[in-house]
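Peer 1: Sequence:
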Amino acid sequence: MYGKNKYFIDVTQEICPITFVKVKIKLESMPSGKTLEVKCRGKEAFENISKSALINGYKVDSKEQSENFENNLIRIKKY
2 MYGKNKYFID VTQEICPITF VKVKIKLESM PSGKTLEVKC RGKEAFENIS KSALINGYKV
62 DSKEQSENFE NNLIRIKKY
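Residue numbering for the sequence shown follows my numbering, starting at 2 and increasing by one per position.
Calculated directly from the structure, the hints in this document are not laboratory data.
Don't take each hint at face value.
[As the list claims (entries may be wrong)] Straight-line alpha carbon distances no greater than 30 Å define the calculated DSSO-like cross-link-like pairs of lysine-lysine that follow: (1) 78 <-> 60; (2) 40 <-> 27; (3) 79 <-> 64; (4) 23 <-> 44; (5) 35 <-> 23; (6) 44 <-> 60; (7) 44 <-> 64; (8) 40 <-> 60; (9) 52 <-> 64; (10) 79 <-> 23; (11) 25 <-> 7; (12) 44 <-> 25; (13) 23 <-> 7; (14) 7 <-> 44; (15) 79 <-> 40; (16) 23 <-> 52; (17) 7 <-> 40.
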């Protein structure tokens with residue numbers, strides 16, 4: 002369920018590349034070992050956020066995509 006995690010960001014109203022910029026700022030403000038839940042919309046954002054997280058040294062714990070890519074959830078762990 003969205004928003005139950007202490008570390009959550011909704012970027013459904015943003016477009017790439019701003020989606021990952023906001024996610025990265027949030028990740029940088031978090032302590033190590035915590036997981037960020039990211040709610041995003043659209044196939045491009047879903048794929049780009051995951052790829053960018055990996056490139057920047059974060060671990061993508063899980064990805065849940067909706068059938069039409071309107072409500073996607075990505076869990077990214079900070080080390």
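Peer 1: Each hint: holds or not?
Peer 2: Okay, the hints, checked on the actual structure:
1. For a cut-off of 30 Å, the pair hint linking residue 78 to residue 60 stands: about 5 Å separates their Cα positions.
2. At roughly 13 Å between alpha-carbon atoms, residue 40 and residue 27 fall within 30 Å of each other, so this suggested pair holds.
3. Between the alpha carbons of residue 79 and residue 64 the distance comes to roughly 15 Å, so the proposed pair stays at or under 30 Å and holds.
4. In summary, the hint linking residue 23 to residue 44 is supported, as the alpha carbons are separated by about 17 Å, within the 30 Å threshold.
5. A hinted pair counts as satisfied when its Cα atoms are at most 30 Å apart, and residue 35 with residue 23 qualifies at roughly 17 Å.
6. Our distance criterion of 30 Å between C-alpha atoms is met by residue 44 and residue 60, whose separation comes to about 19 Å.
7. Of the pairs offered as hints, the one joining residue 44 and residue 64 holds, with about 12 Å between alpha carbons and a cut-off of 30 Å not exceeded.
8. Between residue 40 and residue 60 the CA atoms are separated by roughly 16 Å; this keeps the pair inside 30 Å, and the hint holds.
9. The suggested pairing of residue 52 with residue 64 holds, with an alpha-carbon distance near 12 Å, which does not exceed 30 Å.
10. Among the hinted pairs, residue 79 with residue 23 is consistent with the structure: their alpha-carbon atoms are about 15 Å apart, no more than 30 Å.
11. Pair hint residue 25 plus residue 7 holds up; C-alpha atoms about 16 Å apart against a cutoff of 30 Å.
12. With a C-alpha separation of about 19 Å, the suggested pair residue 44 and residue 25 falls inside the 30 Å cut-off, and the hint holds.
13. Distance check on the hinted pair: residue 23 and residue 7 sit about 16 Å apart at the alpha-carbon level, within 30 Å; holds.
14. Of the supplied pair hints, the one linking residue 7 and residue 44 holds, its CA atoms being roughly 25 Å apart against a limit of 30 Å.
15. Using a Cα cut-off of 30 Å, the hinted pair residue 79 and residue 40 holds, with the two alpha carbons roughly 17 Å apart.
16. Annotation: proposed proximity of residue 23 to residue 52 holds, straight-line Cα distance about 15 Å (limit 30 Å).
17. A C-alpha spacing of about 14 Å is found between residue 7 and residue 40, which places the hinted pair at or below 30 Å, so the restraint holds.
Every hint from the earlier list agrees with this structure, and none is contradicted.
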